[in-house]
Amino acid sequence: EPKKEFEIAWTIYVGWMPWPYAADSGIIKKWADKYGITINVTQINDYVESINQYTAGRFDGVTLTNMDALTIPAVGGVDTTALIVGDFSNGNDGIVSKSAKTVAELKGETINLVELSVSHYLLARALDEAGLSEKDVTVVNTSDADMVAAFKAPDTTTVVTWNPLLAEVKAEPGANALFDSAQIPGEIIDMLAVNTQTLKDNPDFGKALVGAWYETMALVVDPGEAGQKARAAMGALSGTDLAGFDAQLAATKLFPVPADAVAFVSGPDVVTTMENVRSFSFDHGLLGEGAPSADVVGIEFPGGKVLGDTGNVKLRFDPSYMALAADGKL
Amino acid sequence: MSAIRASGIYMEYGDQIVLEDINIEIASGAFVSVVGPSGCGKSTFLRMVLGQERPTRGTLTLDGDPLPGEPGPDRGVVFQRYSVFPHLTVAQNVLAAYEFDASPLLGKLFGARRRAAMDKAMHLVESVGLGPHAQKYPSALSGGQQQRLAIAQALAKEPKVLLLDEPFGALDPGTRAQMHALLKPLWREHGMTVIMVTHDLKEAFSLGTRVIAFDKTRIDPQAPGRYGARITYDLDLDPRSPVPVLGFSRPLDPVTIAQEKARSVA
Amino acid sequence: MSAIRASGIYMEYGDQIVLEDINIEIASGAFVSVVGPSGCGKSTFLRMVLGQERPTRGTLTLDGDPLPGEPGPDRGVVFQRYSVFPHLTVAQNVLAAYEFDASPLLGKLFGARRRAAMDKAMHLVESVGLGPHAQKYPSALSGGQQQRLAIAQALAKEPKVLLLDEPFGALDPGTRAQMHALLKPLWREHGMTVIMVTHDLKEAFSLGTRVIAFDKTRIDPQAPGRYGARITYDLDLDPRSPVPVLGFSRPLDPVTIAQEKARSVA
Amino acid sequence: MRRAMNIVPGRSARLVLAVLPFLLIAFLYVSASAERRVANPNDKLLPPVSEMVASVTRLASEPDKRSGDLLFWSDTAASLTRLGTGFAVSAALGLAFGLVIGMLPMVTAGLAPLVAVLSMIPPMAILPVLFIVFGLGELSKVVLIVIGITPFLIRDLAMTVGTIPREQMIKAQTLGASTWQTMLRVALPQTMPRLLEALRLSIGPAFLFLISAEAIAAENGLGYRIFLVRRYLAMDTILPYVAWITLLAYVFDFALAKIARAGFPWAYVQEAR
Amino acid sequence: MRRAMNIVPGRSARLVLAVLPFLLIAFLYVSASAERRVANPNDKLLPPVSEMVASVTRLASEPDKRSGDLLFWSDTAASLTRLGTGFAVSAALGLAFGLVIGMLPMVTAGLAPLVAVLSMIPPMAILPVLFIVFGLGELSKVVLIVIGITPFLIRDLAMTVGTIPREQMIKAQTLGASTWQTMLRVALPQTMPRLLEALRLSIGPAFLFLISAEAIAAENGLGYRIFLVRRYLAMDTILPYVAWITLLAYVFDFALAKIARAGFPWAYVQEAR
Ligand SMILES: Nc1ncnc2c1ncn2[C@@H]1O[C@H](COP(=O)(O)OP(=O)(O)OP(=O)(O)O)[C@@H](O)[C@H]1O
Ligand SMILES: Nc1ncnc2c1ncn2[C@@H]1O[C@H](COP(=O)(O)OP(=O)(O)OP(=O)(O)O)[C@@H](O)[C@H]1O
Ligand SMILES: [Mg+2]
Ligand SMILES: [Mg+2]
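Protein chains in written order, with the working numbering: chain A, 1 to 330; chain B, 1 to 266; chain C, 1 to 266; chain D, 1 to 273; chain E, 1 to 273.
Isolated chain A, as found in the complex (with noise of 0.2 angstroms):
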């Protein structure tokens, strides 16, 4: 049904700052105000929690992966579109050991990440690549909030994390970077995820958001003055500075303007990284214990393209907002 107020909530990562500052300095407010409707932008600190607090329902959009999307609220039967593909991790997540030099010598390693997190996708698409399978390591659900300290007790070899623990980790002495996001260019993608019918009931509140989402992108991009001052203050928000802000951008593929967010979610790339994506989750059993096979969950793409349960789709990809935005239709 329509309403007037809407609730998002992020958490801090590098391609999820802009949200912050575009509600600290009131273009949340200018765009929404602009189609008449309000939109309350709440900072969740830890990340799981957030999705499920989309997931019950308590917001009607959240900051996440698509990884994540898939595995919480569209398992959970929330059918959640991704409005605004702001960028893909190209670098920011990491496998770092102390012991081995390659991803194959981490045979038989002890690994210390967050399970069923993109961390743990980068590592099976590491170890797939290499030749080598889940098999052959030992896996440690490690808390994100601990894996830099954790790093550092002397019975920790390896682990896979992501920015900005990722660039601690890498700094401590004879750390070595073994295998990074970019090597699997656009497979981790960073997105605004809404709740797919408030957005078709309200149309107003996606225009909204993708119309600041791309006013405060135009400032992040900007190498000029009032860039950098709007990354001086995304730093600080996330508890660094401009130098550790911009390193942190630098290994984040961002979709500055509202084009190249539309011609990467329309590209077949996508598809084959979704496709990769859940039969990673199927095998670690994210689509639920009781799912027959990877096709429980439709993931609708643009065009009309469905993977798996067309009947039951509970994820699309759908860049028509971003793409009113490209066309200056906002």
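Worth flagging that the hints you see were computed from the coordinates, not collected in a lab. The hints are all genuine.
If you want the ones that stay clear, here's a sample from chain D, every Cβ over 10 angstroms from chain A, calculated:
1. R2
2. N6
3. A13
4. A18
5. P21
6. F27
7. L70
8. G84
9. M106
10. V117
11. L118
12. M159
13. P193
14. K258
Straight line, CA to CA, 27 angstroms or less: simulated DSSO-like cross-link-like pairs of lysine-lysine:
15. A:K229 to A:K34
16. C:K184 to B:K202
17. A:K34 to A:K4
18. E:K65 to A:K229
Every residue, glycine too, gets a C-beta built ideally from N, C-alpha and C.
Model the placement of chains B, C, D and E with the ligands on the given structure of chain A, informed by the hints.
The following block gives chains B, C, D and E with the ligands in isolation, referenced to the frame of chain A:
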């Protein structure tokens, strides 16, 4: 009116029988002294009259009605071990007795009513000789001082039945005489029924209108808990009683004693 | 040898002076009965001799040496309020007295040594009439039974000095006589020095070789805590003493009393 | 009318009263769950009981593909081992330090402020330091439990020793007991019931620290499973696991209560009346 | 030789003894920090004191660019508000339920098992449900503290009421007190000192829950700041924050101890001797 009647009362703790077939009628306004060897069940008997414990068999009645199974303001008590409120000063301990009644909601009085009640309380505190200690907490009192405080507290309610468990045991003869002088007129004026446990036979006889003794009549050396205590002597000292001379009333039937002795040896 | 001497002892609690300038010499082997009104400081005096509290002024010596500032096995005690160990049965409470000495490490005996000690303990338990209750915990004992247990415990160590604070207060005359009969020969045989607080003057005179009375000699009605108690009477009953007749020894100087009365009024 | 404070329910009334609130909660849950399912047939937040049963049955009876273990039982075993070790160590430390601090004024002066301060440090905030000192293995999980509950035990037991009437300490000395013997034969036994009570109160926190430790780095355990499946909001696994933890904790609580009453009857006389 | 248990340190000895262990710990830290710096000049785990001072000075005296707040103080204010509210609510609930459960056998039968079970549920494991019910705002942070410490308070206070000698309850009734009056004038005042003691023991857990809540959803607060800089292992901020939390907690602890002794002198007579 506050006549107490016990019929066929037994009290058992697990295997041990403490009191056995107690039958007694206590007239309203009597002052009954209870004596008996240590551990024979005197305190237990008081606890039952108080309503703190129930007899395992038999019935207790007050003026013909079953005794309320819980303590109440009609029966005051001074326990053998001091049981004043440790968190109230001497004066407040006595004051509380007036406050419960007068202030159902807060149990506390304020302003003029408090001053009036406090005057009454202080009067009692002084009459038990604790005037100089009115502002102390019980923990700073000597043993005898605590016992006197408990007495003041119990007297404050002017209960129909007053149960005293060795109330003067910790007092020196002088203070003891003072307490006697305090208690006796109160008992007479208010027509209270008093049951007092004491080990001082002189006290038992000088204060009481009746003296009863508890004791075991049979002992099984193999199972000392098997038989309980009974009333072995019952002396009526009241000059107003039908037989206005000091005399035994209703002693145990000697035949029974002999029979039981024989049984317990067997 | 266990002669106790107190010179110029004061005891003050904050503003309140409890004991004032106590001077007394107690010969080794004496049986001193202490009497006095409730709250005058008798228990306080015992606590000082015990080493539990220190006098605020003055010195206490045992055989000429300053009294050890802590309790020890040379001075046994029966407190006014029962202080047996709640976590040990009656038998174990007495047994503990033997165990501490014999087993420095564990404070516990085993096997034959335990049986031997237990025999001694049970003997004592029976002599205070608690044989049938040997396996009970103190909480299941009557007041008088607990007090008897405390007496058995204190006697087990055969201390040089025995401090008794109203030890028989909760006992009936029969049991009390039994306790007297238990204590007297022990005292004589072991040459213990006994200091006993009692409110029973008959007991004080029949057991003691010396009776001392504490009392306040001056009272300031405005500040009741201002003056403490002193020794007001000191009667030597010992037939072996220099003056083998019952008589006052070293009473308070009448001049002093008069002076002080005058001062306290002023 | 008897006073409310004197009305003691009988055996069966007691049972009914005890069960009632649980039935109420169960009813609330079932209706809330049904309501959410009507709105979203795939709702994961409050799954119906049938799904939870199915999920637990699977975990408890089907061997895991990767390890071949029955996950439910291997998780339970791993967690209980950690918990048991942590509990045992904490109880020993708590008792030893509690007794010594409670008995010896010199030690009180030296250690009581330290323990008070240590008990205030939130262990979660200094995890990095703990990792370096104790590693990331089993040891650090046990250590987290120990750090979490020992200061409470020490302070509580020291307090308990402090409430033993002075007369008893004096009495022991007049019976010839040394400091050590007084500690062993007077203070220790009278502290034991309170130790068990304090352990009962620590069961909740101990599980909390266990779960936190397992959430931070682990390969198995009840807390590990809960935090792992939280990644896909599998409340059908989380809720039964929470219920299972609660049940285990309650059983310990009950067992400790029974042990205390059987082992130290004298401490519960008042209760029996 | 006096027995160890009878040797009471004087005022100054007490102070020296209290300070000693802290000096020792400070010395250990400084040398460990220096050692690590020698091995790795960029070590972040144990920063030297100078860096910590610099970092705190910055947070405490330079206004944040974004909000203009002095972060150290605004964090402290936010956390203390949450903590204070949580503490007040918990104390009120704990006292009310503890008294009622301790006094009325009927309520004991109905609620004691429920409270025992509730106290065993690890709140962290059911956070998603809590957040849905109580929202993600200030309320849920306070609720987490309340859920975390109230069951302990209830159980502890109910136990305390249970240890008031029966004779006193009986005495009150013979003085004409109703159940309500007995609760108000006999049980309540005698429970108050223990409430304060129990609150003292709850300070540590309360901070723990506060920090956990702030780590999951918050925009300010001490726990939030620790969480925020943890990803960079900024121990030069974390350690001073932990020290500050510990200091705050210790001050509360001390204050509660003083209040208890000033307000309920009769409960501490034994101690004074
Ligand atoms: N809770 C209990 N469990 C078992 N036995 C008990 C309990 N309470 C009391 N008794 C036993 O009941 C008997 C009577 O106890 P009671 O306190 O009535 O004696 P008493 O006559 O008052 O003695 P005293 O003059 O010494 O106070 C004692 O032998 C005691 O051991
Ligand atoms: N801790 C304390 N603080 C203040 N005053 C105290 C303290 N302990 C005892 N007193 C006071 O000291 C006085 C003497 O107490 P003590 O216990 O020695 O009396 P007592 O002679 O043994 O009396 P009783 O015969 O009643 O046992 C009393 O007036 C008492 O109020
Ligand atoms: Mg009795
Ligand atoms: Mg005394």
